[in-house]
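S.K.: Residues per chain, in single letters:
2 protein chains.
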Amino acid sequence: MTLTANTVLSPADFLTHWQGHRALTRRVIEAFPEEQLFTFTPAPPMRPFGEMAVELYFVGEMTLTGLSTGQWPEPDWASGPRDKATLLGAWDTLTQRLEAELPGVQAEVFSRVHHLPWGAMPGWVAAIYAVDNEIHHRGQGYVYLRALGIEPPTFYER
Amino acid sequence: MTLTANTVLSPADFLTHWQGHRALTRRVIEAFPEEQLFTFTPAPPMRPFGEMAVELYFVGEMTLTGLSTGQWPEPDWASGPRDKATLLGAWDTLTQRLEAELPGVQAEVFSRVHHLPWGAMPGWVAAIYAVDNEIHHRGQGYVYLRALGIEPPTFYER
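For the record, the sequence lines run as chains E and Y.
Heads up: the first sequence runs through residues 1 to 158, numbered per UniProt numbering.
Heads up: the second sequence runs through residues 1 to 158, numbered per UniProt numbering.
No lab work stands behind these hints, which were simulated from the structure alone.
It cannot be assumed that every hint is accurate.
To be verified - Stretches of chain E that chain Y covers, calculated by requiring three or more beta carbons in the stretch to come under 8 Å of a beta carbon on chain Y:
1. 55–68
2. 71–84
3. 140–154
Unchecked claim - Simulated restraints on C-beta separations:
4. Gly149/Y to Thr16/E: 37 to 45 Å
5. Gln19/Y to Tyr156/E: 21 to 29 Å
6. Gly119/Y to Asp92/E: 24 to 32 Å
7. Tyr156/E to Glu30/Y: 44 to 52 Å
8. Phe40/Y to Thr93/E: 37 to 45 Å
9. Pro73/E to Glu30/Y: 17 to 25 Å
10. Ser111/E to Ala23/Y: 19 to 27 Å
11. Gly119/Y to Ile150/E: 23 to 31 Å
What the hints assert, rightly or not - If we take Cβ atoms under 7 Å as the criterion, some of the chain E residues that face chain Y in the derived model are:
12. Ala5
13. Thr95
14. Ala107
15. Phe110
16. Val113
17. His115
18. Trp124
19. Asp132
For each residue, glycine too, the CB sits at the ideal point set by N, CA and C.
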């Protein structure tokens, strides 16, 4: 008997999906000039891209912690990196943690209900939201880069 | 014996995920003034949001066709809607088709390799890409709206 899993995205695929997006976001962070990353906005009251990237870093870390432990403590948003090198360093540390720790998360965790700072939801919704929120803000970063006259990284490369 | 599917996202979850994003994108299209939708760009050479939304419509239609039939004919990109009402009408028709037709796609289709105009890839990569591309361009639309002085729809509402 062959069982075909009733799945679009397996946990292993999800790790590939997330890390691919995180690699692209890293290239977008890198593409910003240091002096613009935490200051430039083309459309106030929108935040500078650096602030968005810090949010993405914290949401990623919280999501890994939440899926691994079931605990979702709200990050101390104001405690994040304030320069490009520190941000990229934190980003890379989380990349390594995801690679090491996410494969240990059991599939049932994704169907279980989790309690996030912004509400209760199934694990898959929380997990996919972290990636979606990253794509959303990174897309905004593309416009910021274009407004600065900089060509963004290719979207379809991961 | 209880079998836990090794899944983050089931086909039914994927339909919910996609339709939720499409509902939000529809609100973003609606938020643009008619006279700006196909003309305004805050950062040339970026396209007006209306052109991006037409791309999203075509990619969505192609993805439904591809997952349903295994055939992925490239859309005739230039044949798309050129005004807001026609675009929203096409959008809504596709929403109804997704609701009716996507549940008929067997789970194994998502693991099978498909041949898209831009390369060969597993069905789940093609499917998730359609949604990711929509989130990416819609995020850009948020900056366009802010540059026009318009508050975009809430991102986390689907």
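S.K.: Next step is simple, just say for each hint if it's right about the structure.
M.R.: Hints and how they fare:
With 0 residues carrying a beta carbon less than 8 Å from a beta carbon of chain Y, the region 55–68 of chain E misses the three-residue requirement, and the given coverage is violated. Look at the region 71–84 of chain E against chain Y: 0 of its residues bring a Cβ nearer than 8 Å to a Cβ of that chain, fewer than three, so the hint is violated. Using a Cβ-Cβ cut-off of 8 Å, 6 residues of the region 140–154 of chain E lie near chain Y, which meets the minimum of three, so the contact claim holds. As the Cβ distance of Gly149/Y to Thr16/E is approximately 40 Å, the hint placing it in 37 to 45 Å holds.
The beta-carbon spacing between Gln19/Y and Tyr156/E, approximately 23 Å, falls within the hinted interval of 21 to 29 Å. Our hint of 24 to 32 Å for Gly119/Y and Asp92/E holds, since their Cβ atoms are close to 29 Å apart. At roughly 28 Å, the beta-carbon separation of Tyr156/E and Glu30/Y lies outside the given 44 to 52 Å, and the hint is violated. The hinted range of 37 to 45 Å is satisfied by Phe40/Y and Thr93/E, whose Cβ atoms lie roughly 40 Å apart.
Take Pro73/E and Glu30/Y: their Cβ atoms lie about 37 Å apart, and the range 17 to 25 Å is violated. Taken as a hint, the range 19 to 27 Å holds for the pair Ser111/E and Ala23/Y, whose Cβ atoms sit roughly 23 Å apart. At about 27 Å, the beta-carbon gap between Gly119/Y and Ile150/E stays in the expected band of 23 to 31 Å. This hint holds: Ala5/E has a C-beta 5 Å from the nearest C-beta of chain Y, less than the 7 Å allowed.
Checking Thr95/E against chain Y by beta carbon gives a least distance of about 19 Å; that is not within 7 Å, so the hint is violated. Contact between Ala107/E and chain Y, as hinted, is supported at the beta carbon level, the nearest pair being about 5 Å apart and thus within 7 Å. Interface hint status for Phe110/E: upheld, as the beta-carbon distance to the closest one in chain Y is roughly 5 Å, under 7 Å. Annotation: interface hint on Val113/E violated; nearest CB of chain Y at approximately 14 Å, more than 7 Å.
At about 16 Å, the closest approach between the beta carbon of His115/E and any beta carbon in chain Y exceeds 7 Å, and the interface hint on this residue is violated. A distance limit of 7 Å between C-beta atoms decides the matter here; for Trp124/E the minimum to chain Y is near 5 Å, and the interface restraint holds. Of the supplied interface hints, the one on Asp132/E holds, with its beta-carbon coming within about 5 Å of a beta-carbon of chain Y, less than 7 Å.
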